[in-house]
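Just need the whole structure built from these sequences, with the hints factored in.
Residue numbers (full-length UniProt numbering), protein chains in the order written: chain U, 1 to 468; chain L, 1 to 468.
There could be a bad hint or two in this list.
The list treats identical chains as one, so a pair stands whether inside a single copy or across any two.
Pairs of lysine-lysine, DSS-like flavour, derived with a Cα cap of 30 angstroms [as the list claims (entries may be wrong)]: (1) K459 with K57; (2) K232 with K397; (3) K57 with K430; (4) K389 with K337; (5) K232 with K459; (6) K213 with K430; (7) K57 with K337; (8) K57 with K9; (9) K213 with K397; (10) K337 with K430.
For the record, the hints were derived by calculation from the structure and aren't laboratory data.
Okay, here's what each chain looks like letter by letter:
Number of protein chains: 2
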Amino acid sequence: MTAHMRIEKAMACLTQIVGERATRVPGILDGHGRSEAYHAARPPDVVVFPESTAEVKAIVGLCRDLRMPIVPFGAGTSLEGNAASLEGGVCLDISRMNTVLAVNGEDMDVRVQPGITRKQLNAHLRDTGLFFPIDPGADASIGGMASTRASGTMAVRYGTMKDNVLSLEVVLADGRVIRTARRARKSAAGYDLTRLFVGAEGTLGVITEVTLKLHPQPEAISSAVCAFPDLKAAVDTAISVIQSGVPVARIELLDAVMMRGMNLHAKLGLPELPHLFFEFHGSKAYVAEQAETAQALAGENGGLGFEWASTPEERSRLWQARDNTLYAGLALRPGAKAMITDVCVPISRLAECLVETAKDIAETGLICPVVGHVGDGNFHLLVLMDPEKPEELPRAKAFNERLVDRALSLEGTCTGEHGIGFGKIEFLEKELGEAVDVMRAVKLALDPLGIMNPGKIFKAPGQEGGHP
Amino acid sequence: MTAHMRIEKAMACLTQIVGERATRVPGILDGHGRSEAYHAARPPDVVVFPESTAEVKAIVGLCRDLRMPIVPFGAGTSLEGNAASLEGGVCLDISRMNTVLAVNGEDMDVRVQPGITRKQLNAHLRDTGLFFPIDPGADASIGGMASTRASGTMAVRYGTMKDNVLSLEVVLADGRVIRTARRARKSAAGYDLTRLFVGAEGTLGVITEVTLKLHPQPEAISSAVCAFPDLKAAVDTAISVIQSGVPVARIELLDAVMMRGMNLHAKLGLPELPHLFFEFHGSKAYVAEQAETAQALAGENGGLGFEWASTPEERSRLWQARDNTLYAGLALRPGAKAMITDVCVPISRLAECLVETAKDIAETGLICPVVGHVGDGNFHLLVLMDPEKPEELPRAKAFNERLVDRALSLEGTCTGEHGIGFGKIEFLEKELGEAVDVMRAVKLALDPLGIMNPGKIFKAPGQEGGHP
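As structure tokens, this is what we get:
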């Protein structure tokens, strides 16, 4: 069967399964080949919009029969080409599977279809007294967040997706449908399959249901920003706050360059110095106590005073500006595209990593604002590139490679939260060495035909010499 | 080669690797076939005491060449026969690998060899301002706790081993040594191999190093006990406390029968009614606030008043009594042995599960004190059996089977924290169905010869029809 015939056959069979929800309209194919990253589009041959686990199972069965790749697609907000259709095939857009299936208030958990976004979920939960805290900035889908082991600003307090997924329903490459765990809060029942699929980027199966932990909406929230004379003072403050046991809900680092972008984009009117943005959750008295402790520690480390955002409006303006750092960064170089780096190092090595990186930036002449989840040691640089100047891409890539090498030499990781996708395959090899062979062995055991999101995380089993 | 010749050969080679630290002394073999469980001893053929990763690697290579089982053994405190040598072979006692390799204070982590026990580790950390909170009661080894995904009384606040292991060094069945992750606080770098080995009960490899998260020693700690008229009032209180967002450090349920045992064993002099034992961690003011909230919620739910244990001595007496519930239970029936059950259900189903179980206990005529990590929905029954009355064992087993069926029907798990070992293989099949085939596929990929702790978690790949 030629590739063309295979696609025709797939389209005919998919139409039998989902009717008009299978499409080859070029604009839709192209849209599903793109993400928020700088990579060139890698569109699929067909996009299909399933509405149920049964449909996903049928589609996976079809792709298996036809040996066609299956690429799950959520909200399209990933940053490492995690949902690029590198080998064409069928893109499984799960955005119509966005139902809340069950809210269990007493147990503080919720069962959802994977296509629901985090904001849709929190809107649904508003009156329950509970919320889902993981906030990667973008309004990502829950399935996508699980698949990339996402985290974001609140991970320092509430953990990452690894800590907040209780159980998954997954359609395997051979069409079987499994549930990885029961709804109990904890379990020691065999291998932790939930955590195996969280972060697998769709290479082991398609997530069709997610049971999430929820958290009580805090009685009180307060936010503050604090400027520092240099990055090290800000990082030292973060270390002191974490070590003091203050369960800070968010503690975000923004460098002077990023502050300039934010002033440009969101008219914050803040000094163009390194800043920490804080948020505290808890009872009224406890929030006050946390803030007082953090304020004192900032003072001891050279902080230039807390500015409070106590009303919901001020708070929301502040965190909206933080969520929009991509656009704030782009405001520094209109027309640019950003390569977003994602290293994470032990917090004791963070200042060193940032200072060395600042020197590198100065030498390269790139514009690279910094924003970081400093409580976790994870930070992003927006490497701004002019698409009209193609010579900047290799410079940016070389810079990122040096950054990753620096992070690895400091016991860090090449990705705190964006995943490997296809852009960081060689970094993963550098980072974990033979452990990647273990991943490959697991992949081969669960997807021997290699149809699940091929070319991601590692080179395909048997193709280690090649390149995706 | 006969079995006898193989053992002789192994012993000769092991002596070359570790000298006199390989032994066939019958008392030592027998000691390594036993645990704290009621199961009959299943001793290995040889016990070896490695002192380094290099020695473990050499021993695994030898066992591979000779096709001999390898059973890692920590402190011998597991409860489901997790370290029983079902098929003989080499028992790898890692108790001499108990060095603290690096304390990173600023990063709040520690790298240890797996044989160190949690009490040894906390003694080492005493002056650092940090501690390792996971407390399963017994003074288990860190490697064993990682392997069984242990948790215990503080999991409600600090999580389980899954949440507190940052990285592992593992010797695989083929002798390769991998590190599962870097020391960064979080990572999205490929499959979560750390969580794959946490809870694998030594069936996928031998853990030779563990990097753990640590937590700040709380500025203040306070403990209280509260009696309730019935179990439901106690459970409802626990639900309210958790939902209120109070980050209770421990919230333990003890039923009236267990309280009688504790009064007998530890002379607590408390009313023989269902109790909650609380512990609060934090700043002085915040501990007071948490306690006040919990006290109010207990009052609303029929609690009969808080009794405070504010001095370190009183607190330690209370929690020591809690840690010794096994002996307290045994005090109710001198000479008895205990089968310890371990179901965990969503907290909203806990009261129902406990009440139905109490009826079952009444009908069987068994004596079964209850102790539970009620914040997680996990509880244990000590099914007391007279070893002189062998007919009690099948009765106890049938009771446990009904209990597991009940938990499963309430969306729970057969094991909250003790693991599957060889005693719960059929329960795991009932609980997760085809997902167990996925575990088996992973096992086959990483240990094709089936030498790593055979007969645990599931029937061996290819032997699904048989029985371990």
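>> I'd like to know which numbered hints this structure contradicts. Please list them from smallest to largest.
In response: 5, 7 and 9
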